[in-house]
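*Asks:* Chains A and B, in that order, give the protein sequences. For the first sequence, the numbering used here assigns the number 112 to the last residue and increments by one with no breaks. For the second sequence, the numbering used here assigns the number 197 to the last residue and increments by one with no breaks.
Hint data in this document are derived by calculation from the structure and do not stem from the laboratory. Source: prediction; values computed, not measured. Be a bit skeptical, because a hint or two may be false.
The following label-pair restraints were derived from C-beta to C-beta distances [to be verified]:
hint, chain 1, residue 1, chain 2, residue 2, range
1, B, TRP92, A, PRO12, 22 to 28 Å
2, A, ARG111, B, LEU150, 44 to 50 Å
3, A, LYS44, B, GLU141, 19 to 25 Å
4, B, ASN133, A, PRO16, 17 to 23 Å
5, B, GLU141, A, ARG68, 21 to 27 Å
6, B, SER165, A, ARG61, 45 to 51 Å
Computed, partial: chain A to chain B, Cβ under 7 Å [said to hold, decoys possible]:
hint, residue
7, GLU45
8, PRO46
9, GLY94
10, TYR98
11, LYS99
12, PHE102
13, ALA104
All C-beta atoms in this analysis are idealised placements derived from N, C-alpha and C, irrespective of residue type, glycine included.
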Amino acid sequence: RKEVEQDPGPFNVPEGATVAFNCTYSNSASQSFFWYRQDCRKEPKLLMSVYSSGNEDGRFTAQLNRASQYISLLIRDSKLSDSATYLCVVRGSNDYKLSFGAGTTVTVRA
Amino acid sequence: GAVVSQHPSWVICKSGTSVKIECRSLDFQATTMFWYRQFPKQSLMLMATSNEGSKATYEQGVEKDKFLINHASLTLSTLTVTSAHPEDSSFYICSARVARGNEQFFGPGTRLTVL
Numbered sequence: 003r004k005e006v007e008q009d010p011g012p013f014n015v016p017e018g019a020t021v022a023f024n025c026t027y028s029n030s031a032s033q034s035f036f037w038y039r040q041d042c043r044k045e046p047k048l049l050m051s052v053y054s055s056g057n058e059d060g061r062f063t064a065q066l067n068r069a070s071q072y073i074s075l076l077i078r079d080s081k082l083s084d085s086a087t088y089l090c091v092v093r094g095s096n097d098y099k100l101s102f103g104a105g106t107t108v109t110v111r112a
Numbered sequence: 083g084a085v086v087s088q089h090p091s092w093v094i095c096k097s098g099t100s101v102k103i104e105c106r107s108l109d110f111q112a113t114t115m116f117w118y119r120q121f122p123k124q125s126l127m128l129m130a131t132s133n134e135g136s137k138a139t140y141e142q143g144v145e146k147d148k149f150l151i152n153h154a155s156l157t158l159s160t161l162t163v164t165s166a167h168p169e170d171s172s173f174y175i176c177s178a179r180v181a182r183g184n185e186q187f188f189g190p191g192t193r194l195t196v197l
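With the rest of the complex left out, here is chain A (with noise of 0.2 Å):
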């Protein structure tokens, strides 16, 4: 079982659309939880952390459920320079390494 899964979309929707999807985690005693945005050919840049108690920034709203092992994204009012990969990231507790997903597309179109 991968340690972290996604549905990797895509998920085409118009601007100004709402988009959310998930990622679950295999490993229980994760402590630390990121999404991560990842455009074409190049390397993967952080978009923001996920914190318990649920976190927003700006268009972004990440929620995480430790109980079940999930994390979701939603992305508000999308815009065009929205449509990337978003990479779901997880830290273990005992060391640095991070766990990432294999992504989901975003396509915003016009």
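Model the placement of chain B on the given structure of chain A, informed by the hints.
*Replies:* Frame of chain A; chain B shown alone:
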């Protein structure tokens, strides 16, 4: 934020040759650097963890004699793909972590194509 560079950004080589990829932290000292590999439409897979002045720790299934890692200073780690073959063609990305920090800063990646 902290900046990590990689060189080269892309390389094409013949099968059997060795390729060296450099990862540098430009404005901070990185106690730990990580090397990842990403195949098309797949997730980043950690290959090895490298601490300055010590031997790298390789993930299961990664051949240490094929992927040589040297972390000689707090700002430079190198990955050498020895005797490269077409199946080694991939996107190689490094990241660096500062001492007592949680965040990893990623380099722009190196796209390796082995003919």
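*Asks:* Look at each hint and say if it fits the structure.
*Replies:* Quick rundown of the hints versus the structure:
1. B:TRP92 with A:PRO12: 22 to 28 Å: Holds - the Cβ-Cβ distance for TRP92 of chain B and PRO12 of chain A, about 26 Å, lies within 22 to 28 Å.
2. A:ARG111 with B:LEU150: 44 to 50 Å: holds, 45 Å
3. A:LYS44 with B:GLU141: 19 to 25 Å: For GLU141 of chain B against LYS44 of chain A, whose Cβ atoms are near 23 Å apart, the range 19 to 25 Å holds.
4. B:ASN133 with A:PRO16: 17 to 23 Å: violated, 48 Å
5. B:GLU141 with A:ARG68: 21 to 27 Å: At roughly 26 Å between Cβ atoms, ARG68 of chain A and GLU141 of chain B fall inside 21 to 27 Å, so the hint holds.
6. B:SER165 with A:ARG61: 45 to 51 Å: Given a distance of about 48 Å, which is inside 45 to 51 Å, the answer is holds.
7. GLU45: This hint holds: GLU45 of chain A lies near chain B, its Cβ roughly 4 Å from the closest one there, short of 7 Å.
8. PRO46: holds, 6 Å
9. GLY94: With Cβ-Cβ at 11 Å, over 7 Å, it is violated.
10. TYR98: holds, 6 Å
11. LYS99: Nearest chain B Cβ about 6 Å off; hint holds.
12. PHE102: Given a least distance of 4 Å, the restraint on PHE102 of chain A holds.
13. ALA104: Holds, about 4 Å.
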